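Student: Please put together the full structure from these sequences, using the hints given.
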Amino acid sequence: MRTITVIGLGAGSIEQIPLGVYRKLTQSNRQIWTRTEDHPVITQLKNEGLSFHSFDSIYESYDSFESVYEEIVGLLIERSHTENIIYTVPGHPLVAEQTVQLLFEQTEVDIEILGGQSFLDSLFTAVQIDPIEGFQLLDGTSLSRDQVQYRQHVLIGQVYDQMVASDVKLILMEDLPHDYPITIVQAAGMDNQSVKTVPLYELDRDFEFSNLTTLYVEPANEEHLHHQFSALREVIATLRGPNGCPWDKKQTHESLRRYLIEESYEVIDAIGEEDDDHIAEELGDVLLQVMLHSQIAEDNGYFTVDDVIQSITDKMIERHPHVFGHLDVESADEVKKNWDEIKQKNRPKQKSLLDDLNESLPRLLLALEIQKKVSKVGFDWDDHRLIFEKVKEEIKEFEVALSNETTDEAEVEFGDVLFSLVNVARFYKLDPELALHRTCDKFIKRFQKVEMMMQEDDLSLEESSLDIMDQYWEKAKQKM
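The UniProt record's numbering applies: residue 1 is where the sequence shown begins, and numbers increase by one.
Since the hints were made in silico from the structure, they are not lab data.
What you are looking at is a predicted structure, and each value in this text was computed from that prediction instead of being measured.
Where a beta carbon is used, it is the ideal one built from N, C-alpha and C, also for glycine.
Check before you lean on any hint, since a few could be wrong.
As the list claims (entries may be wrong) - Listed below are the simulated SDA-like cross-link pairs for lysine to any residue, each with C-alpha atoms no more than 25 Å apart in a straight line: (1) LYS249 - GLU262; (2) LYS345 - ASP380; (3) LYS46 - GLU15; (4) LYS249 - ILE309.
What the hints assert, rightly or not - Taking CB as the label site, the calculated pair distances span: (5) GLU399 - PHE303: 43 to 53 Å; (6) ILE312 - TRP247: 27 to 37 Å; (7) ASP408 - HIS322: 48 to 58 Å; (8) GLN136 - ASN192: 25 to 35 Å; (9) ASP276 - ARG151: 48 to 58 Å; (10) ASP146 - LEU366: 33 to 43 Å; (11) ASN404 - ASP355: 29 to 39 Å; (12) GLU218 - GLN162: 21 to 31 Å.
Tutor: Below, the structure is given as structure tokens:
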């Protein structure tokens with residue numbers, strides 16, 4: 001089997017090439033191919049009489065680096081079928097060199113690696129950091145926000161032009177302040193090395209970039225990371241820890257139940273107000289409840305927030321086969337049908353259709369869930385007129401119970417009235433809980449308007465008749 005010998009040319013100076021590698025290049029009679037001639041060592045070696053076959057022209061034939069690298073590897077393998085060849089790359093062959101990784105994936109030819117000095121050593125020296133503290137080396141051409149670990153030293157290579165620099169800047173600004181210091185290192189370890197620190201927002205302005213450009217992002221202070229999930233998790237763990245808050249430490253799943261319900265309704269209020277900042281704040285309060293419950297469970301060895309996240313992630317993927325699989329759907333109704341089928345498939349067999357009802361729901365929502373479940377097996381009205389007849393029938397029965405002056409009977413019959421009204425809401429795809437919530441909210445605002453108008457007219461609620469208050473009520477209705 002033929003061999004491709006991959007040689008690293010070092011960070012940018014012929015003095016950085018090991019003697020053995022230098023002799024391999026200068027004394028070999030093999031053809032020497034190079035990914036790019038845009039490297040100072042190539043010029044120096046040419047001055048010593050070596051000749052290279054370059055792949056630079058391929059870069060102009062494709063719109064993506066991935067396609068360029070695949071083409072280079074294909075040509076190398078094709079050439080190696082007839083002779084052993086040398087292939088040179090900048091730096092070290094195993095550091096930020098995609099063509100070498102692609103060569104390792106094939107089985108047609110053997111790959112031999114001869115190292116050259118990586119640019120990392122010179123880079124660590126240029127920015128004066130100790131890599132044992134933890135660092136990341138990332139590719140600026142394919143950078144994504146979720147890759148970056150801001151608690152570590154971050155090095156971003158392949159920032160070879162202003163467009164890549166601009167993309168990197170926008171990604172970093174998702175998490176860092178606009179004036180966060182970013183260090184631009186040019187030609188690390190070479191005679192013309194330059195190191196310049198600029199505020200993040202200036203990263204793509206009036207700088208010369210090349211394939212020898214690397215960005216350095218110093219570890220962020222904790223206050224810059226308060227928007228990240230890991231920071232919230234640490235805060236909650238601290239609150240529940242030995243030196244934490246006495247109130248938080250004594251909470252249980254049971255003691256927190258009421259807060260989860262209250263916070264959920266405050267989100268609904270904020271949505272009704274169409275106040276985005278308020279919605280974000282209230283969603284944060286709901287998330288706090290999730291984190292507290294998860295931390296309580298972790299403290300007791302039952303589960304962690306990671307289990308919570310994995311559970312919902314797996315569920316979303318499984319129940320959306322039309323997104324993450326190969327199922328085709330044509331409507332939202334079909335999506336809902338598939339969802340219910342998958343949900344039922346994964347549940348243990350039930351003795352009753354209503355076995356798994358959530359008894360902690362507010363009663364209006366529980367009534368709605370009961371009706372939805374029995375509707376799926378055909379126990380439902382098919383004519384809206386009959387639903388309204390049922391409402392009238394229940395109201396009459398309630399009136400009879402009131403006339404009998406039997407509180408228990410009246411309470412039961414009033415419940416039947418509400419249950420039948422929930423059925424009307426469900427038939428017309430209305431949420432009875434939200435409907436009642438809106439009505440309560442409307443009543444509060446309207447009554448407060450009545451209070452304000454009567455105060456302006458020096459009238460007291462306590463001393464005014466119902467007729468007077470009703471007049472103001474009608475005025476309030478017209479203004480709201």
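Student: Honestly, which of those hints from before does the structure not fit?
Tutor: 9
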